[in-house]
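> Which chain is which? The protein sequence lines are A and B, in order.
Remember, our numbering sits 17 above the position in the first sequence when you count from 1.
Take the second sequence: its position 104, counting from 1, is numbered 86 in our numbering, and each next residue is one higher.
The set of hints was computed from the structure by calculation and includes no laboratory data.
Take these hints with a grain of salt, some might be off.
[Stated by the list, open to error] Result set (DSS-like, lysine-lysine): computed pairs, CA atoms no more than 25 Å apart in a straight line:
#1 A:K176 with B:K70
#2 A:K176 with B:K138
#3 A:K154 with B:K138
Each chain is listed here by its residues.
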Amino acid sequence: MKAKGRVFRYKDNVDTDVIIPARYLNTSDPDELAGHCMEDLDPSFVQRVKPGDVIVADRNFGCGSSREHAPLAIKSSGVSCVIARTFARIFYRNSINIGLPILECPEAVEGISEGDEVEVDFDTGEIRNLTQGTGWKAEPFPEFMQGLIKADGLIEYIKQGGLS
Amino acid sequence: MGMTMTQHILAAHAGTDSVRPGQLILADLDMVLGNDITAPVAIREFEKIGRDRVFDPGKVALVPDHFTPNKDIQSAQQCKAVREFARKREVEHYFEIGEMGIEHALLPEKGLVSAGDLVIGADSHTCTYGALGAFSTGVGSTDMAAGMATGKGWFKVPGGIRFELTGKPNPWVCGKDIILHIIGMIGVDGALYSSMEYWGDGIAHLSMDDRFTIANMAIEAGAKNGIFPVDDQTLAYLKEHGSKPPRVFSADDDAEYQQSYTIDLSRVRPTVAFPHLPDNTRSIDDVGEIPVDQVVIGSCTNGRIEDLRTAARVLKGRKIARGVRVIVFPATQKIYMQALKEGLIESFIEAGAAVSTPTCGPCLGGHMGILAQGERAVATTNRNFVGRMGHPESEVYLASPAVAAASALAGKIANPEELEQE
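Go ahead and model the full structure; you've got the sequences and the hints to work with.
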């Protein structure tokens, strides 16, 4: 599976409150959530994001609240992948559980700027910066997590007999 | 090499003698928790799995505490979905308005968590129960759904960071100051993916309420959990609250920790976290002039009886500064009633504070105390992110109940120690 898109580049500690503010948590409808994605950090994100786009961030992306509405909002806004130096742990497992591809790759984060076009191959972990002609390889997920991702998330994984 | 306390609990729940950091395990769950924001998503996912029942109706807790009492029609719909699910699936621990409290104060109070338990909750502050010597951690709604269906969860075994606590805290210093001090020291991702394990003779000087506060904010350092050893105080608490018999685990003497810190509690100062991260801390001595519009005393971090006693000690017989709005939220009905009996509520109201029924409301900018553009609050809550309590251009300063109450009187962030000298 591959994804290609333009980069939205953010810094350290992007918290789930700015990804989807609590004032919108009286719904869990993915489309409604997508309509407010990143609102308190980047108010024009919703107008600019296109299907396939990629979020690239520094350390501790998704820190704070456990709200799954955050990766849901990102996924539903059309973002194909989030690449960060590190992820906050609940955001990390939520993303895997709902099938939002994420990659930890500090070197790639270093070499990607706002607006660059990147291509990501989730099977191999390869990240290519098409704008700058550079590339990296992220650590592959452990086998168990790959199983979750292949099943399109934890719920399908359980339906197929996993976790018992 | 020896294992940490957390690793022992995880191993026991995975049916094995030993685990190592980084290992992925499947573990049995003793309690699965959700609230009115996270449970509706979990219920939707649970129904997709197609099971007739939850794995154990006695091991699921549903607490509508975030946007309750229902703040608007959509929130009411979410609460209704949770209520109907609880009824249909015969969930034993559903708490309606009137008996409901803030989940992380409520579950220990109701005896639903014991030492040695493995608890997941679709709320990041589920790590609070580490104060009881349990492994508890926040997860998302899908994990909650999977937990309700199967009674199992997947975990990456965390490494540990050791915090050796020595000495005795000064009179106006409480658990909040200690955890803010620690987060300021190690940063908001200083314990990422790790356990924060507390050791040392300083722990004996920390009340259970102090320990709940310290464990509660482990997530603010990025940790998977924060955990205290089980001592006489823990056992007395568990007994008093009718918890099931404790399983006492402890770290091996040669447990491997990735880092170690020693903290002399007698040197910890009242501490304030400035906007917009919990690690942006300053000692009260370095705060400067910070006028405030609102003071919030409560939350899963600091809404317990000792917190209210401290706040009342400061506010009793005094008047809140003109122009400052003070809202006090006892975390549970039982705490509220106790505060009433002790005359604390009277002290709050006479000082000019509003007292509310339990809710998470303002802490996450839900309702009951939202900030307007440019406004500033000092709060005993746990996060001060951009927009956390309302407008994206408002500010939250995190502090202890003593500092919050002293600030209410002064109309600016103030040191409770100076108040005493008056």
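> Next step is simple, just say for each hint if it's right about the structure.
Consistency of the hints with the structure:
1. Proximity of K176 (chain A) to K70 (chain B) is assessed by CA-CA distance (about 21 Å); at most 25 Å being required, the pair is judged to hold.
2. The hinted pair formed by K176 (chain A) and K138 (chain B) meets the criterion: a straight-line CA distance of about 22 Å does not exceed 25 Å.
3. Straight-line distance between C-alpha atoms of K154 (chain A) and K138 (chain B) comes to about 23 Å, which keeps the hinted pair within the 25 Å bound.
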